[in-house]
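*Asks:* Here is what each chain is made of, one letter per residue.
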Amino acid sequence: MLKDIAFIFGTTFMYATPLLYGALGGVFSENSGVVNIGIEGMMTIGAFSGAASTFILLELYGNALWVPWAGFLIAGLAGCFLALLHAIACITFRADQVVSGIAINFLGPGLAMFLGGRIFGGSGTTPTIPLEAKLIRPFDTILKGKPLLGMMLNQYISVYIVFSLVGISWYILYKTKFGIRLRAVGEHPKAADTLGINVYQMRYIAVLISGFLSGLGGASLSMAIIANFRPTLVSGQGFIALAAMIFGKWKPQGAMWACLLFGVTTALQIYLGSPAVGLKISTHLLSMIPYIITLIVLMGFVGKSSGPAANGIPYEKGKR
Amino acid sequence: MKQKIINETFLFTILAIVMGLLVGAVVIFISGYNPIEAYGLMIKGIFSKPKYIARTIIRATPLILTGLSVAFAFRTGLFNIGAEGQFIIGALTAALLGYFIQLPMILHVPIVFLGSVFIASLWGAMAGYMKAKFGVHEVIATIMLNWIALYTSNYIISLEKVKMPGSESSYDIQETARMSIDWFKGIVGASTKVNFGMVIAVLASILIYYILFKTTLGYELRAVGYNKDAAEYGGIHIKRNIIVSMSIAGALAGAAGAVHVMGVSYRASTLAAMEGYGFNGIAVSLIGNNSPFGVVLSSFLFGGITYGGANMQLLGIPTEVINIVIGSIVFFVAAYRIFQWITIFFNHEKPQKEDR
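Chains as they are written, first to last, in the numbering used here: chain A, 1 to 320; chain B, 1001 to 1356.
It should be emphasised that the hints constitute simulated quantities derived from the structure, not laboratory data.
Heads up, the beta-carbon is just placed ideally off N, CA and C, and yes, glycines get one too.
Accuracy of the hints is not assured; some may be wrong.
[Stated by the list, open to error] According to the in silico footprint, chain B covers these stretches of chain A (three or more CB under 8 angstroms from chain B):
#, stretch
1, 81-89
2, 241-249
3, 276-286
[Said to hold, decoys possible] Mimicking BS3-like on lysine-lysine, the simulated pairs with C-alpha atoms at most 27 angstroms apart in a straight line are:
#, chain 1, residue 1, chain 2, residue 2
4, A, 280, B, 1163
5, B, 1228, A, 249
6, B, 1133, A, 251
7, A, 317, B, 1228
8, B, 1133, A, 249
9, A, 251, B, 1228
10, A, 317, A, 190
11, A, 249, B, 1239
Using the sequences and the accompanying hints, generate a full structural model.
*Replies:* Laid out in structure tokens, this is it:
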């Protein structure tokens, strides 16, 4: 029994993590007033870049301690690259942000699989990273010989990073000058502009942060949960992250609870489907659980959510 | 004045397509291939044989319908990410009705088609109901419903009475439920599944144009899309409109699924991931400026690039370059002001203030 709970607990955090990176990215972007529907594309390019660059760095430099970290960072920067395109379109050229985001969702997988095909051949799947070169599990040695605690807490570093980022993001957004400016730009850009805040600059920074976090989210899939990139890896998790951000009412802590809800239902689904439990329910039906529960929770408990006031509206200086 | 705006949008879309193809060319060139040769193969892959033209049209058909679904919802102020799931439900219903019912063709085809469209419209209406009644954002509702649709379909296909033994698909639908055009197969070969789907798709686009721009319902729906509060003040029942709009969007995407099963695949298959008809419909709708006729044109473009583009493999170019081209086209459709900026740069004129 305890073992089952520990399993569900650990799996919850594992599956909530990639979503939470994407959702936090969305929180930054959308609080500054730029809708980011391109999280999916940014996560995909991040997942590819992280796995691919780690593999290439391994070939070049051998199994050094910094290699997975470099891969993780490159994943974030790859997300930034797509975010920069999104920012240029949405902020400088006042594009429809949904349209631009959809473009990002074609460009991300397109680039990832094209590059994958060119570099590694085949259908865009990258070679598997050896176990030592995946992201580290910081408590691996401490938790050795403690199976229950290990199941719960022996997570990859990406898990610990993202849950710290929830607190950090909350602090940045609500307690620092930068964060208050960022939100001001998303609520009432004209007023913010009048007070001397550079609306364009703030939005660029927010969208780039969003891309960086989404890229890390992709890498938390391809460098921790599994050890390579494959075309079906992200398959919709960026959209779930988007939903979690809306569900979490555009707040870091809200997004966290939404992602945990999704994580725990996924964990339950895996648990109920495991042969140890022996339930004779079709896996197809079990797979629906997370989505159905999310909808029920949304209908029953959450109610109407509305984002930052100027979310989705391009800002044009000097326009009334 | 109105005429001018339409032409400008059209011009910018053409420019976006050219720019998208240019970006693709640059990517192809950088990775060491000849872009002219590559695009030559793509064009050959579309036009060099009647068979290829027919297959491009077959490829474009479901995209017209999912594109219309997204475009219709957009016009009414809703973002229908759910075309994917509505497509799946339409396809599943068509496969079931097409296999289990025995009727003469004259009745079977319309019953299967209308039944699928009806069930998919209920599926779409669910998202509308959740938004109208509980305030659930339609983006979340439709994303969740997509996955629920996928697993529902997988589950039903896995049932003993439905699943063809030794396959991952349902039994083939009856001959009487197929909407193929047999006399055409003499020209393009039996393996090219020419069907009435294109006729249905074009009729649907005319119907949607009519509903949106010539009826009271369409006027109300567009009013809600344009300014929700003003529409409500004007006495328009917003909640009802949301549900109606989503059910029509669902019907269109469901029609795409039905046409696919009745005209091309003849069965529904277990899916590991989304096939992309709905998501591609979003791109089609956006390139077509969310207009019913624009959607038809952009579906042909999309169908052509994806079908003909696969030919680039002959040179060893990964076909994913197609996604880069499409992504770039959508990107430049979004950032069309880049073109204004370029003309300003060359003419040293004042920027145009007017939005399209």
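*Asks:* Each hint: holds or not?
*Replies:* Results of checking the hints against the structure:
1. 81-89: holds (count 3)
2. 241-249: holds (count 4)
3. 276-286: holds (count 3)
4. A:280 x B:1163: holds (19 angstroms)
5. B:1228 x A:249: Distance ~21 angstroms between residue 1228 (chain B) and residue 249 (chain A) Cα, so the pair holds.
6. B:1133 x A:251: holds (24 angstroms)
7. A:317 x B:1228: holds (26 angstroms)
8. B:1133 x A:249: holds (18 angstroms)
9. A:251 x B:1228: holds (26 angstroms)
10. A:317 x A:190: Status holds; Cα separation ~8 angstroms.
11. A:249 x B:1239: holds (22 angstroms)
Checked against the numbered hints listed earlier, the structure breaks none of them; every hint is satisfied.
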